[in-house]
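Chains A and B supply the protein sequences, listed in that same order. So the first sequence is numbered by numbering that gives the first Met the number 0: it starts at 0 and just counts up by one. So the second sequence is numbered by numbering that gives the first Met the number 0: it starts at 0 and just counts up by one.
There's no promise every hint is true.
Because identical chains share one entry, a pair is satisfied inside a single copy or across any pair of copies.
Computed cross-link-like contacts, SDA-like style, restricted to lysine to any residue with a CA-CA straight-line distance of at most 20 angstroms [said to hold, decoys possible]:
1. LYS470 / ILE584
2. LYS76 / VAL65
3. LYS377 / SER477
4. LYS60 / THR416
5. LYS568 / PHE13
6. LYS574 / SER366
7. LYS32 / GLU579
8. LYS326 / GLY223
9. LYS322 / LYS587
10. LYS5 / ASN588
11. LYS232 / SER268
12. LYS574 / THR490
13. LYS568 / SER484
14. LYS539 / SER477
15. LYS453 / ARG321
16. LYS322 / SER171
17. LYS326 / PHE285
18. LYS254 / PHE419
19. LYS60 / LYS254
20. LYS568 / LEU516
21. LYS326 / THR221
22. LYS76 / GLY86
23. LYS23 / GLU290
Just so you know, these hints were derived from the structure itself, not from any lab.
There are 2 protein chains.
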Amino acid sequence: MTFFSKRDLHFQLFENHQILDLTKYSYFKDHNKETFEFVLDAAEKIAENHLYPLLTEMDRKEPQLVNGQIRIHEGMKRIIRQFGEDGWINATFSYEEGGQQLPNVVHQAAGFIFQASNYSASVFPFLTTGAANLIRTFGSQELIDRFTPNMYNGKWQGTMALTEPDAGSSLSDLSTSAFPTEKQGVYKIKGQKIYISCGDHDACENIIHLMLVRIDGAPLGTKGISLFVVPQKSITTGESNDVLTQGIYHKMGYKGAPIAHLMMGTDDSCEGFLVGEANKGLSYMFQMMNEARVGVGMNACAIGTAAYYASLSYAKDRPQGRKIIEKDPSLPQVPIIEHADVKRMLLFQKSVTEGALSLLIYCAKLSDLIHVTNQNEKEDLTLLLDLLTPIAKSYPSEMACLTTSSAVQVLGGAGYTTDFPVEQYYREARIHPIHEGTTGIHGMDLLGRKVLLKEGKALKLLLSEINETIKIAAKMPSIEERGKSLALNLTIAQKTFGILFNKASENPEAYLADATLFLEMLGILVISWQWLKQGIIAQKALDENKGSSNYYQGKLMCLRYFFEYELIKVEGISKRLMSEDQLTIDMKNEWF
Amino acid sequence: MTFFSKRDLHFQLFENHQILDLTKYSYFKDHNKETFEFVLDAAEKIAENHLYPLLTEMDRKEPQLVNGQIRIHEGMKRIIRQFGEDGWINATFSYEEGGQQLPNVVHQAAGFIFQASNYSASVFPFLTTGAANLIRTFGSQELIDRFTPNMYNGKWQGTMALTEPDAGSSLSDLSTSAFPTEKQGVYKIKGQKIYISCGDHDACENIIHLMLVRIDGAPLGTKGISLFVVPQKSITTGESNDVLTQGIYHKMGYKGAPIAHLMMGTDDSCEGFLVGEANKGLSYMFQMMNEARVGVGMNACAIGTAAYYASLSYAKDRPQGRKIIEKDPSLPQVPIIEHADVKRMLLFQKSVTEGALSLLIYCAKLSDLIHVTNQNEKEDLTLLLDLLTPIAKSYPSEMACLTTSSAVQVLGGAGYTTDFPVEQYYREARIHPIHEGTTGIHGMDLLGRKVLLKEGKALKLLLSEINETIKIAAKMPSIEERGKSLALNLTIAQKTFGILFNKASENPEAYLADATLFLEMLGILVISWQWLKQGIIAQKALDENKGSSNYYQGKLMCLRYFFEYELIKVEGISKRLMSEDQLTIDMKNEWF
């Protein structure tokens, strides 16, 4: 079963985004194409041999809460241990930390393979990496030494514990509290957390929660939130640390990964360890959340990719009907891939998922460059990545709901049954516009913060990057027109933003009311740009008669598809964004 | 729990579509507003007391195949019997047939209530009605007498058995066969059928399949298909009629209704009874399928409606965050309905579902008028309904996937859990773009057949209806602009069709390649028209100071929403439809 394209992943990494550039920097100097390919091949093997075979079973046999502990699929024990032993969890960390100084972009690419093979299974190590990263970046050496080694080796699970019953999107309203003890940096924790992914399970010996908590007496709102390490069991005694699993959430998809409801301090004996300085927890968390957000986009893109290949394989095999111009019923039926409408649905999936993957790999490479470049470059790259993050999170997430839907549609009735994996992909895609910040939150982040940063410098940087690509396209007769069309649509978007911006200070509610649409519009433009880039490379490869011309032809067709069927949406969205009708503000609750 | 709006259903029936007009015709003369309201109230009671309470349970406890028979939820026995005893199954049939001569539009409206409360449960009587309708319309008096009474009273389940492993969308490739016996009209049936809704279950004493079968030696293709009644058990002996339940399909949603894989004639003893003339089966089936198709649109609209009310109720209750202009964390959080982006998601659901309901009620009324008007009127009304049917089926079906997705999004993380019904609605909506003809098939039906009928007369009739509404709007200052905007978009669509039409004869594959997009475009226009109509009535009611001004204000806001956020999509789609780039035809299989 094909769930991703190795050819395309290599194209994205080596041809499109030229990640070998990174090996010029000393942090990555031990790496080269062979080490990167070795990592990707290893990921593929694990995905094929261990993750994909459990895809369906982990969906059918959901985790259950039994006697206060969540039991997950038996097979995850071995998988998590292997992720640890093979060094996947801390692969990007420095040699001194036991890591391999692997570029994030390669780690993300390997993650993409895992996610495409079995999204639920891929979540466990991903969360441990994120949690360990918080400790190693902001925690004391003591915390690092105590907690990270067993996280790296997969014995302990890491989590990000943010959400509470009254604080989901509005983190400023967190109420879980920390009370100082006699021991320096050690607090008693009291409160509850909900929707904690991998918040409890029986495949690891301990669960290490990176938890946002308000220290007793701290200021209200976001300025009074601190970050704590709260282990499920005391790491000295191995006894309970008074973190109770109060419940498990059953959900539409992504069922293999358990989501817990946790109660801390019901016996007044839950100990938490402050990470870094008090009241800086949210800013610490947000630095990691940016990476997690690009990661969510990658998850969605991976699920969409798996669904695309499942539907492509079906479309090639399934005979049904005849060509429009051929109705003779005595002739054999043709495979449905011969029908234009089916090709349209396949091209939609291919162009959206490969376009999104291109953006995600670009963002992951940016994060590596930020890590190794000098201060000047770093600042620009950080601005650019900050601007692209809400798009890299939301575009793949929103679109994966639609592309997996197209995959179901390609299979028709078969796609709605549990005999094929596409219905599972459809269910698994749906979480991504929600977790790590809803699309609405990201729209406001983009329009309310990111485009305004440093007087719009981030937006200018992005435009200049896009214009570079358009300039190259202008020299290629077969692509030139697409470049012009992107330039035209960019102008429309700029005009739209100009008109919107007039409202920013006097009427911020109206300015932000359609932030989700602004995000959608910018998403389409950014992916169009990624397609122009890919088209340029494909055309050059064809001109130079490089191998696998089918592959490059496919790229050029996707460029055409995206511009013909997706870019055309920009004008309509822009029309709405420029409209004076503030109806979502005018609407009264009692009129619903 | 609110799963539909009685107020809105009454508005659609009595204010918007003036269904009391029907009582002027003799067939409906015994009816009046009171009898209609009595029927709707009775439906509401059944839905509230019997169907809605089983909604979640029927999803969790799926039907299972046990010892060759499908066992469904215990509660369905009572529900099906009640549907029969209360006369729901044959309510629209004549008094002579034991029916109530109820207009189809009222029957559909009652069905809408059932579907909104529990889609799976609503399917059982709906299918029996359709199957009985085929027998009474095309069958001999003998068949009618033998089969329909126990279908009407709910003792026997009816089904429509069309699909086979090699014949889904392509019905012309059916291979299930019938062999003549010595008895007139009685054949031996041999073959298999898949995806048969309610094809076997233990809540009825017998299952009566209306089956498409090819009589041995009949012409290939659609011209050799006949319609048979094939009971699961012999109705004389009660013994098996050699119809075996070979399997059950488990599916993503709509789990309460079983879908069977049937084998006929493994013992060479399956008897089928020919309905009407040989080789006319497909045309018989299609006459009923048109009604079934509008019915599918209604199902999708009903599920979307239930999801809308679930998310509306959550949005009013759930406090989270503060208004954009108010960030003081010491103030209490506001209900999320106060956020413009949440209002946008609610208005999207409301405007799409109520717009679709308006179209569906309009179509149902057309079918009643066709039944009672004279030949001249009948012809035009039939053309109009034929044209609207693919839209009435597909627009609500496609959009319910998106509106239920918005409902999930309004609830955020909670919406993804099984603690709330929206995730179930999301799963249940997804079947509708597939069954009773996929959206792609309906696109081709619309562009390849319906708009071309009688040299485009159907399209002219539709345009003239829409223009009537625009003329009325032109006299109302508050709505005039919306009418102009619709007129402008109609012009764009006409121009688009003109350009497309040039390809129809010389390049039919290109003409039809984007038929799905043409269907989408016409869908948006038709729903915009329905909103203009509703807006006119609402504005008049407000001008005349009629009661419940909140309700009418809501209608006007939906008109604004639909024109501001949905109608703007027409230009982009039109741009693609007029493009010369035939990329979905040019795309080669090996390029994927």
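Requested in this report: Measure nothing new, just compare the shortest in-copy and cross-copy C-alpha distances for LYS322 and SER171 to 20 angstroms and report within, between, both or neither.
Outcome: Answer is between; shortest inter-copy Cα gap is 14 angstroms, intra-copy 59 angstroms.
Query raised in the report: With identical chains treated as interchangeable, where does the CA-CA distance between LYS568 and LEU516 reach 20 angstroms or less: within a copy, between copies, both, or neither?
Result: both (11 angstroms within a copy, 13 angstroms between copies)
Report task. Tell me, please, which holds for LYS232 and SER268 at an alpha-carbon limit of 20 angstroms: within, between, both or neither? Result -> within (11 angstroms within a copy, 68 angstroms between copies)
Requested in this report: At 20 angstroms max between alpha carbons, let me know whether LYS453 reaches ARG321 within a copy, between copies, both or neither.
Outcome: neither (58 angstroms within a copy, 26 angstroms between copies)
Query - Within, between, both or neither, where LYS32 and GLU579 count as close if Cα-Cα is 20 angstroms or less - result: neither (53 angstroms within a copy, 42 angstroms between copies)
Query raised in the report: Taking 20 angstroms as the upper bound on the Cα-Cα distance, should LYS60 and THR416 be classified as within, between, both, or neither?
Result: The answer is both: 17 angstroms in one copy and 16 angstroms across copies each meet 20 angstroms.
Query raised in the report: Is it within, between, both or neither when you check LYS322 against LYS587 at 20 angstroms Cα-Cα?
Result: between (52 angstroms within a copy, 14 angstroms between copies)
Report task. Indicate which option fits the pair LYS568, PHE13 if close means a Cα-Cα distance not exceeding 20 angstroms: within, between, both or neither. Result -> neither (31 angstroms within a copy, 38 angstroms between copies)
Query raised in the report: Is it within, between, both or neither when you check LYS76 against GLY86 at 20 angstroms Cα-Cα?
Result: within (16 angstroms within a copy, 57 angstroms between copies)
Query - Identical-chain pair category, LYS568 with SER484, by Cα at 20 angstroms - result: both (13 angstroms within a copy, 18 angstroms between copies)
Requested in this report: Go through the copies and call it for LYS470 and ILE584: within, between, both or neither, with a Cα cutoff of 20 angstroms.
Outcome: neither (41 angstroms within a copy, 30 angstroms between copies)
Query - 20 angstroms Cα threshold - placement of THR221 relative to LYS326 - result: The answer is between: 10 angstroms across copies meets 20 angstroms, while 67 angstroms in one copy does not.
Violated hints for the displayed structure, listed by number in ascending order: 1, 3, 5, 6, 7, 15 and 23.
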